[in-house]
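A.B. asks: Please arrange chain B on chain Y, whose structure you already have, making use of the hints.
So the chains spell out like this:
Protein chains: 2
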Amino acid sequence: MSKKILKIIPIGGFGEVGKNMLAYEYGEEILVVDAGLMFPDSDMLGIDYIIPDFNYLVKNQKKVRGIVITHGHEDHTGAIPHLIEQVNAPIYATPLTRGLIEVKLAKNGLAKKARLHTVHAGESVGIGCFKVEFFHVSHSIPDSVGLGIDTPAGLIVHSGDYKFDHTPVDNWPSDYAKLAEFSQRGVLALLADSTNVERPGWAPSERVIDGAMAQVFDQAPGRIIVASFASHISRIQQVANAAANHKRKIAFIGTSMVENVKIARQLDYLDLDESMVVPADNALHLPDKEMVLMVTGSQGEPTSIMGRLAAGTNRAFDIKEGDTVVLSATPIPGNEESVYHVINRLYQRGANVIYGETTPVHVSGHASQEEMKLLIHLTQPKFFIPMHGELRMLKLHSQLAHSLGIPEENIAVVENGRVIELENHGRLENARMRLGERLPGGYVFVDGSSVGDVNQKVISERETLGRDGVMMVNLSVDKTNRRPYGQIEISSRGFLPDQSLNEYLPALRKRIDDAVRRPEGNLQQNVEETIKNFVYKELERRPVIFVNIHKQ
Amino acid sequence: MSKKILKIIPIGGFGEVGKNMLAYEYGEEILVVDAGLMFPDSDMLGIDYIIPDFNYLVKNQKKVRGIVITHGHEDHTGAIPHLIEQVNAPIYATPLTRGLIEVKLAKNGLAKKARLHTVHAGESVGIGCFKVEFFHVSHSIPDSVGLGIDTPAGLIVHSGDYKFDHTPVDNWPSDYAKLAEFSQRGVLALLADSTNVERPGWAPSERVIDGAMAQVFDQAPGRIIVASFASHISRIQQVANAAANHKRKIAFIGTSMVENVKIARQLDYLDLDESMVVPADNALHLPDKEMVLMVTGSQGEPTSIMGRLAAGTNRAFDIKEGDTVVLSATPIPGNEESVYHVINRLYQRGANVIYGETTPVHVSGHASQEEMKLLIHLTQPKFFIPMHGELRMLKLHSQLAHSLGIPEENIAVVENGRVIELENHGRLENARMRLGERLPGGYVFVDGSSVGDVNQKVISERETLGRDGVMMVNLSVDKTNRRPYGQIEISSRGFLPDQSLNEYLPALRKRIDDAVRRPEGNLQQNVEETIKNFVYKELERRPVIFVNIHKQ
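Residue numbers (numbering that gives the first Met the number 0), protein chains in the order written: chain Y, 0 to 551; chain B, 0 to 551.
Do not take every clue at face value.
Repeated chains share a single entry, so a pair holds when one copy, or any two copies, can fit it.
[Stated by the list, open to error] No farther apart than 25 Å at their CA atoms in a straight line, the calculated lysine-lysine pairs in the PhoX-like style are these:
{"no.": "1", "residue 1": "K478", "residue 2": "K550"}
{"no.": "2", "residue 1": "K106", "residue 2": "K536"}
{"no.": "3", "residue 1": "K112", "residue 2": "K58"}
{"no.": "4", "residue 1": "K6", "residue 2": "K62"}
{"no.": "5", "residue 1": "K103", "residue 2": "K536"}
{"no.": "6", "residue 1": "K550", "residue 2": "K61"}
{"no.": "7", "residue 1": "K478", "residue 2": "K536"}
{"no.": "8", "residue 1": "K536", "residue 2": "K288"}
{"no.": "9", "residue 1": "K3", "residue 2": "K62"}
Simulated from the structure, these hints should not be mistaken for laboratory data.
Extracted from the complex, chain Y is given alone in its bound form (with noise of 0.2 Å):
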């Protein structure tokens, strides 16, 4: 075997480490897994989303062998299109994912640019010198993968977002033979999810959804309206399965669920009978009590199909007395206040809502702590490389790892941009792990059509703003003699309602006055100063403040 270093590279700075896109880095040839986007924290003004800094890749693009995608969901798939158009390697994927990303591509015009290659669970790819196995995990999207990565320094394990469902809906288990397999040929490191490590236990089956959904349409008395992810094809089976339990018909509503049950019918990811879904003008026709329809915007996103019918601005229904709204999802992190604000105007107009708190309408796909204690014991590797998670979450992950015996020494914790290095001097027992240098760069924000654009000033203004808005001041003055003349005009966005900036101007102006007319120091720092310290002072404010002043 080589002696050579196999560098294993989590891309971009923010959010969970190597969750968005991580490259596998041997020699000359690199092996990227995902590239998918970030949501931006909600002190990121402005930012549409957030991908990763991929420079590197585009430096060293000669380098890159292909692109290996787990499964269809944004964080893992968003990036594809701004990835390509500079680093257009082939990519891998399974049918529903391939799918789905065909979808994005052509929405981005560039269905004809990519390279995809269909794989399935259960195959290997040669990439270069990895050898990719594809196996089959649970998550909440059907179709999903984990990695076996045969590099020339050993076998890497890359879990993916995967659960251990022993009653799935699609009743296809995640791989436990080929995870025993791997550790019998020997595993160097496993690089494992860790984005439930806060929850004891096994997560609960998708199943258990069932009888909770049955529970749910026994009670219904007039319509019933469910959100969930567009993405969650799972999800869409069970609802369309108790629909037709209870003799309802089941419509789709919301561009991207619309989109994703016709791709997913397509590639017989989703089992529904042609007589039981029927377009939403003709299902808003049907019998309160013969009727589900499935929508949109389970995060409270204010466009949504949700969002619009929480505001009693949708279009072509309302929310009405009786009906049953169900959230078959649980809110993002830091999209709390926003689901909460959508349950309670539901609440206002009349629907009764069931949603996770109150009844198990939602389980997770990702796996609880002794799902990923299986999941080590499983692939017995020799090193252990927590992923997919904010850095406290890798810490408990590694403290995880550590109680099933692996050496602290043999665990790696590192935040995005830094490079783990893994060199195999012939045997397994003899392999060593070190951190690598720290790549520069770290994420880029997407706003409107612009790409990395905006950057930390940018948002630090946008905050400043926010916060207490801007004044405008405009006025001119007499070079002469250095006397203004004319009206000072004062206006603002943000600050105060006009009617209250109004009672201070009179008292402003005479000391924009006075700051004109001092004949030391320079003219435009004295006005803004003056009128700086007048607004503090006063109203205990700091706004933007722009000052105009029109020399003649």
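C.D. replies: Chain B only, in chain Y's frame:
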């Protein structure tokens, strides 16, 4: 008995119903319960806090006989300085609550103005036509009370914030006997805390913290730093007890923590041996294993001690390898992101972090479902009015009460501002409840020193500014021939970095120049529209645009 009507009025438009302020009105007399503040939602940009719109009380101030405060938390006391400036009725509170109110009033220069009366749990006070009986309840601050309010229309039970802790830290459980006695006398209506109605079972006793703290203290290899709410006196006691058991000294850091400890010790609500409390400066010179620091910032507030420790900007000391940090509080909804951010940064700096998701170092001070059922069974009210919750919680609480046999028509779920009218025709069996008018008004934003000036329009402007920033354009136009002259000055904040903006400026100046020369239309409007369209077309963004045209 009179046939007059008792009005129950939850004051203020935002947030949890009746939590911050609620009024009982009978004939010409009003009793106010609590006067608290609300923390803003994350989309209420720049707002420091919110107070109830108590204009109704101002208009009817001659009727206001007294203000009763149930306990010393900000959301029940924070609006007192605002209220008594306009409605200076006598205030009734238990000793600790009064002590905390006095600190607040002194800060606002209102110590002399306020008329404070000390009451004790178990006592009764006549306030106008209302006879108020204060009964002890367990909550996350000592000396909390609920109220039995004897009105001419009948007996009201007002729970306040409560839980049924059988083993509270101060060994003073909620007053079961008094509640049962109320039911003997016949309860017209129960108003009950709904905060934790989503939680099944029974809230764990504060006592479980002792075990968790002991474990943390046993294992901590160096300094221990505990963050909790400054008002959580019993938690402070528990940490001090753990410190004493482990031969560590304790120091308190952070203004509110220091002030509250001082008051609580003066009034004997905190039992600390003089020898174990040291000033912060001294503590920092003790060996690491002999100290505990108790600090503010359990909600991740950037300016708190814990926020500054996470950011590395604390002056007196820094986090170091081997520190154990305990966050003994759960994030208030909306604070999750900042709390988790703080935890990640503390890990990054080398601390081990103990928080509620991993170890029971915090329990809630509010009743869970089984306790709520017990309160209803103990008091056996004719009418049930869930309060202290958002609409969804009140709905769930009403379903819970209905499941115990209270008829739906005897339960009133209202939002703030809606008057509930109770009429008692001589006997409880004949009592009636109906919904009354909806009072105008809602809530009042406090921003810097301005109270109530900032309105929804200003907030929307802040949203726009925060999302897309602002652009300023200054140009001079020759009014004789409508030709621009001189340079068109363009600057921005929160929009694009100057470097990126500069790329667009030549094209934008050209468009503006064209727009000025256009003979038709309004000059100002032409220029503004031109800029708006250019920016949206090129960048898909909508900043606030200011155009200042100087004509000469």
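A.B. asks: Does each hint fit the structure? Answer for all of them.
C.D. replies: Each hint, compared with the structure:
In the homo-oligomer, the alpha carbons of K478 and K550 lie at most 25 Å apart both inside one protomer (6 Å) and across protomers (17 Å), since each shortest distance falls under that limit. Taking the shortest Cα distances, K106 and K536 sit within 25 Å of each other only across copies (18 Å), while inside one copy they are farther apart (53 Å). In this homomeric assembly, K112 and K58 come within 25 Å of each other (Cα to Cα) only inside a single copy, at 20 Å, whereas the closest approach across copies is 70 Å. Taking identical chains as interchangeable, the C-alpha atoms of K6 and K62 lie at most 25 Å apart only when both belong to the same chain, with a minimum of 13 Å there against 76 Å between chains.
Taking the closest pair of Cα atoms, K103 and K536 come within 25 Å of each other only across two copies (22 Å); inside a single copy the shortest separation is 53 Å, beyond that limit. In this homomeric assembly, K550 and K61 never come within 25 Å of each other (Cα to Cα): the closest approach is 58 Å inside a single copy and 58 Å across copies. In this homomeric assembly, K478 and K536 never come within 25 Å of each other (Cα to Cα): the closest approach is 30 Å inside a single copy and 40 Å across copies. For the identical chains of this complex, K536 and K288 are neighbours neither inside a copy (62 Å) nor across copies (46 Å), given an alpha-carbon limit of 25 Å.
With identical chains, the CA atoms of K3 and K62 are at most 25 Å apart within one copy only, with a shortest distance of 16 Å there and 86 Å across copies.
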